[in-house]
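Enquirer: Okay, here's what each chain looks like letter by letter:
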Amino acid sequence: MRYLTGTVICLFAATAMTAGCSTVSQPEPGLNTNSNQEIIHTRAVDTSFPGLKRVIASDYLIGYISVVNPKLGQTGNFSKAQATVQNLTQNRYELECQYQWEDLGGFAVGSPRPWKRFVLGPKEAKNFSEMALRQDAKQAIFTIRLVDDTFIELNKQVEKNR
Amino acid sequence: MKLQGVACGVVYFVVLSVTALFTGCAQIPTSIGQQSNVGMISDGERVHLDDKITAEDMVDLAGRVTEKMLSSSEVQSWAKKGKKPLLVVAIPENTTHDANIITEDLQDEIISKVLDSGVSRVIDESSLSSSYNYIIKTTLTSTSQSGAGGSKVTYYTCKLQLFSLRGERLGQWNEKIGMAKAPRSIF
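Protein sequences, first through last, are from chains A and B.
Residue numbers in the first sequence follow the working numbering, run continuously in steps of one, and reach 162 at the last position.
Residue numbers in the second sequence follow the working numbering, run continuously in steps of one, and reach 187 at the last position.
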């Protein structure tokens with residue numbers, strides 16, 4: 001009986017453990033998700049600077065990496081944007097960033113350029129600027145994320161299926 | 001004795017739950033909507049199987065050198081002249097260690113970016129006449145270093161030169177991409 005009780009409790013714990021592992025990340029509670037909104041405001045989205053939205057597209061980075069010092073200017077007839085990515089920790093981060101340009105009405109202009117990979121050392125801050133290659137591009141979204149690509153994802157799936 | 005067994009079980013439960021909390025139940029990003037064995041590469045991804053330059057790298061290089069060119073004082077002055085100049089974008093010269101690079105892809109990217117920018121008109125190289133105002137010459141070069149176990153570092157540099165009709169060099173810009181290949185595992 002003694003062993004049976006122990007075994008039952010262990011089985012219950014193991015079930016709880018495996019059930020917990022399959023939890024899918026849920027959206028932050030209490031979000032105002034009006035479908036006409038330009039973008040849903042979460043901890044990862046900063047729209048405080050007009051014309052340059054900043055998005056931290058990895059939950060792991062929130063609070064550890066900050067995107068500060070946004071700037072939006074002109075070079076001749078072309079808009080240019082700049083943001084500073086700052087590492088608030090002693091970790092070494094391998095990240096990617098990308099600008100997506102929009103016209104004054106918020107329509108996407110052209111296709112975004114390929115993700116730019118960079119390494120951010122402990123406490124390091126780096127500036128990332130880009131000039132729009134079209135004259136109708138007037139505002140931008142700057143996104144940073146952990147390095148990701150199809151092979152990284154496929155490898156994750158292969159590991160999971162083993 | 002029975003009570004001791006229950007206590008032992010409770011200890012197991014707590015230990016396993018705490019372990020689960022700190023390992024398995026961490027918020028690991030889950031991929032929703034899985035791919036088949038052949039995955040589609042989304043736009044902008046920098047996927048590499050080796051240290052050779054890919055189409056996405058060419059788009060990146062073309063974007064970066066064109067950005068430098070467009071922000072130069074020479075090209076900025078074109079807008080003040082009123083009339084858009086005629087530009088020839090020459091087929092890029094490939095001096096890298098890889099003869100299989102299709103340099104026309106790089107040329108196409110530069111042409112589309114120059115046209116999108118609206119700073120000039122572009123005429124085809126094959127219909128060359130003396131009626132153009134400027135010519136862009138592009139060169140792709142590479143350097144590489146090899147180390148033990150197959151490790152390798154390769155840099156690709158894209159150089160863009162702007163010449164006037166008289167052959168005067170009005171500007172030169174370059175951008176590079178570096179790739180590192182890890183050494184092979186002995187297993």
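It should be emphasised that the hints constitute simulated quantities derived from the structure, not laboratory data.
Some clues are possibly wrong.
Derived SDA-like pairs: lysine to any residue, alpha-carbon spacing no greater than 25 Å straight-line [to be verified]:
| no. | chain 1 | residue 1 | chain 2 | residue 2 |
| --- | --- | --- | --- | --- |
| 1 | B | K52 | B | L140 |
| 2 | A | K138 | B | K83 |
| 3 | A | K160 | B | S42 |
| 4 | A | K116 | B | P85 |
| 5 | B | K176 | A | K160 |
| 6 | B | K80 | A | K116 |
Enquirer: Which numbered conditions among the earlier hints are violated in the structure presented, ordered from lowest to highest?
Expert: Result: hints 4, 5, 6 break, sorted rising.
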